[in-house]
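Colleague: Given next are the chains, with one letter for each unit.
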Amino acid sequence: MEIEGYLKKDYITNLVKQDKREDARKFDEHRKILVDNDYVKDKAPGSCFVQLGKTKVLAGISIAVGEPFSDRPNDGVMSTSTELRPMASPRFESGPPNDESIEIARVIDRGIREAGAIDTKKLLIEDNLVWIVFIDIHVLDHDGNLIDAGGIAAMSALLNTRLPKYEDGKIIYGEYSGKLPINCVPIPCTTAKIGKNLLVDPSLNEEYAMDARLTVATTDIINAMQKGGTGSFNEEEIMACVDAAFEQGNKIRKMLSTD
Amino acid sequence: MSGNGDVVLIKDGKRLDGRDFDELRDIKMEVSVLERAAGSAYVEWGKNKVMVGVYGPRELHPKFLQDPTKAMLRCVYNLAPFSVDDRKKPGPDRRSVEISKVTSEALSSVVMLERFPNTVVDVFIEILQADAGTRCAGLTAASLALADAGIPMKDLIASCSAGKIQGQVVVDLMKEEDNFGECDLPMAIIPKKGEVVLLQMDGKLSRDEFKDAYKLAYDGCMKIYDLQRKTLMDSMKKFVGEGGIENGD
Amino acid sequence: MLNVKDRDLIVPGDLLGSDILPDMNCYMEGGNVYSAVEGLVRVDGRKIKVVPSSGGYIPKRDDVVIGVIMDVLTGKWLVDINSPYICAMSGEEVSRDAAKTDLSRYYKVGDILTAKIGSVNEVYSCQLMKPWKIENGLIIDVNPKRVPRVVGKQKSMLNMIREKTGARIIVGQNGKIWIKDGNVDLAVKTIKKIEKYAQTQGLTDQIAEFLDKESRGNPIKPSYHINESED
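Residue numbers (the working numbering), protein chains in the order written: chain A, 826 to 1084; chain B, 4 to 252; chain C, 16 to 246.
In short, the hints are calculated from the structure, not lab data.
Positions of the beta carbon are idealized from the N, C-alpha and C atoms, including for glycine.
Among the clues, some could well be false.
[What the hints assert, rightly or not] In silico EDC-like pairs for lysine to aspartate or glutamate, Cα to Cα no more than 16 Å straight-line:
1. 1021/A <-> 198/B
2. 196/B <-> 861/A
3. 207/C <-> 198/B
4. 208/C <-> 198/B
5. 73/B <-> 137/C
[Claimed, not checked] Only some residues are given here: those of chain B computed to face chain A with a beta carbon under 8 Å:
6. 35
7. 36
8. 75
9. 79
10. 104
11. 108
12. 115
13. 169
14. 204
15. 205
16. 207
[As the list claims (entries may be wrong)] Now the stretches of chain C that chain B is said to cover, found in silico as 3 or more residues with beta-carbon under 8 Å:
17. 47–54
18. 203–215
With the rest of the complex left out, here is chain A:
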């Protein structure tokens, strides 16, 4: 842990005991979310820059063609990765993905994949040739709750992704044949447990102080869950996290639009 962790833990824990948060939010309130679609539109067919409070992430979509998986010969392929760029935190280092970035990528991936958000059935080009959708999430400034920020950015980017033109066995970059088909909009919502309290969308300082967190990705049903941290949840707390996820998910879904 950075020394910041030791320095902030007590302060936050005591604040939460008094039913307060450092930025005066309510426990069930997200930080302000700013969504900037097509942030790198000259190159990427889809992208979205999201600020969740002071956390900044940029999701970019790349599209390629390739072979489908042998057990799903008619389905397109999606792949998600997260990079914790060194500029985002003194704790992050260059190099191959570590367990933290892999977890973030896989949780975001599960939400999108299991909900069937991308209509992969419509991504067949011809026999044994499908569209491959790469979701790359760049974390640029880490002020907590990277899963939610990354998940929102990825989903918003997908909603605004264009499919390139494909002619004579080649992708024509810069020209588009239509939009990436999207079925639904899964949104992850992370709740931190500090002492006995549950706080939606923890900031970095709150993450230092939290015992455990639970991420729930929802559409109209639950699509993915991930518990993290070394603490524990009881059933009542888990259901509270699930309900918070449905509520926050609905709010955030309304913010994301297709142009």
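Go by the hints and put chains B and C onto chain A.
Modeller: Just chains B and C, lined up with the frame of chain A:
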């Protein structure tokens, strides 16, 4: 989770292997199976075969990772290349890195790490044969191996999964159910407190279905816990000379 | 109120009782006392403890340990004592002017010694004192948590093994036991048996019987003691 509706997973109210919806696969557990490790365990769970070795507390290198307030619990979950139908490329992949992380977090919730500052407790989980539910089997075995190593912990960790197949919520998915089912929900609990320390889920579950699946997984964990206790109790029989001291060894 | 009886076997997390005093290997939560390890419950009046069935060695003041020199520095040695924590030993133990002395004249890297733990701080950095070099003989491993039974009450078990095997034995609390001279084989066999059946009731008598039976026909050489740091 493909939710492939074409594959029949439930026939005449029973599952493919003849189990009821709330029935676990056959499970065997054993501890102290390795000579050199501080503690070890072997779990057979249906067709899963899992071995765990624990080392430590021991000196942690590199030094900058040392924490003067507590020990580090480091988990390595490894799927053997021959454990699955299609050979798995050796070495860590994204899936095993994630499982290692959530497993070590789950174990850290009970192990009294503050008693061993600056050290590391290493938990090596080897999946020798895999047939769905390996992270639950691995975590269950890891908790046994830690107890076997005599590392102080507040409680054991018991783990079990639930899921949904053909619209029916069931406990402890096997491979076919995992492949063609609609949802998988691995879970682990601290039995004494009844609190959840590992919870993952992917697939499709409504709020009510989740509550049912939670209950099935929870009850499954409690059954696992009973088996774990019995295994550890049996392992200590020689320690107290139950059955007499054998001569000649 | 007790939830268990004396000599019950228990596993981590088992409830031992409430309104009792937790001793070794227990912890308290919400007024209840639970076990932190697997092992054997011992009740002593209102005090309750758990004798663990296994576990590593954590340095404790006044323990006699057996270790290996890992490094020779200016004025001190570093010693590995089979624990997660490396021990230091001051050159003052052998020389008044340690800083100016070449300490490898006394102990060099790889030398084996027995010594007493003088002090331990809260992160288990410790100091060794009164070293004695060990040469020749056999060193065997015993689970550190089962070492106390090899020694026995007032060293009863250890003295019995010494007497009946004629072996010289130094028991390190860190799970390393040095054996030399006399019937080494029998001493090893006996110690391994004690380790395996550590908490058997009436173990001393059964071990005495075993030793008598095994040593019949093997005349025992007289044993002698080497110095204070033995055992």
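Colleague: Please go over all the hints and tell whether each is borne out by the structure.
Modeller: How the hints compare with the structure:
A distance of roughly 13 Å separates the Cα atoms of residue 1021/A and residue 198/B; the hinted pair therefore holds under the 16 Å criterion. Simply put, residue 196/B and residue 861/A have alpha-carbon atoms about 45 Å apart, too far for the 16 Å limit, and the pair is violated. For the hint pairing residue 207/C with residue 198/B, the CA-to-CA distance comes to about 41 Å; that exceeds 16 Å, so the pair is violated. Simply put, residue 208/C and residue 198/B have alpha-carbon atoms about 41 Å apart, too far for the 16 Å limit, and the pair is violated.
Restraint check for residue 73/B and residue 137/C: the C-alpha separation of about 11 Å stays at or below 16 Å, so the hint holds. A distance limit of 8 Å between C-beta atoms decides the matter here; for residue 35/B the minimum to chain A is near 27 Å, and the interface restraint is violated. For residue 36/B, the interface hint is violated, since its Cβ never comes within 8 Å of a Cβ in chain A; the closest pair sits about 27 Å apart. Interface restraint check: residue 75/B against chain A, minimum CB-CB distance 11 Å, threshold 8 Å, status violated.
At about 11 Å, the closest approach between the beta carbon of residue 79/B and any beta carbon in chain A exceeds 8 Å, and the interface hint on this residue is violated. Below 8 Å, beta-carbon pairs count as interface contacts, and residue 104/B has one with chain A at about 4 Å; its hint therefore holds. With a least beta-carbon distance of about 5 Å to chain A, the hint placing residue 108/B at the interface is held under the 8 Å criterion. Interface hint status for residue 115/B: violated, as the beta-carbon distance to the closest one in chain A is roughly 12 Å, over 8 Å.
Interface hint at residue 169/B: violated, since its Cβ lies 16 Å from the closest Cβ of chain A, which is beyond the 8 Å cut-off. Residue-level restraint check for residue 204/B holds (minimum Cβ-Cβ distance to chain A is 4 Å; threshold 8 Å). The closest approach between the C-beta of residue 205/B and any C-beta of chain A is roughly 4 Å, which is under the 8 Å cut-off, so the hint is satisfied. The restraint placing residue 207/B at the interface with chain A holds, with a minimum CB-CB distance near 6 Å, inside the 8 Å limit.
Coverage of the segment 47–54 of chain C by chain B holds [criterion: at least 3 residues with CB-CB distance below 8 Å; count 5]. Evaluation of the coverage hint for the segment 203–215 of chain C: fulfilled, as 6 residues show C-beta separations to chain B shorter than 8 Å, against a requirement of three.
The structure does not agree with the numbered hints 2, 3, 4, 6, 7, 8, 9, 12, 13 stated previously, though it agrees with the rest.
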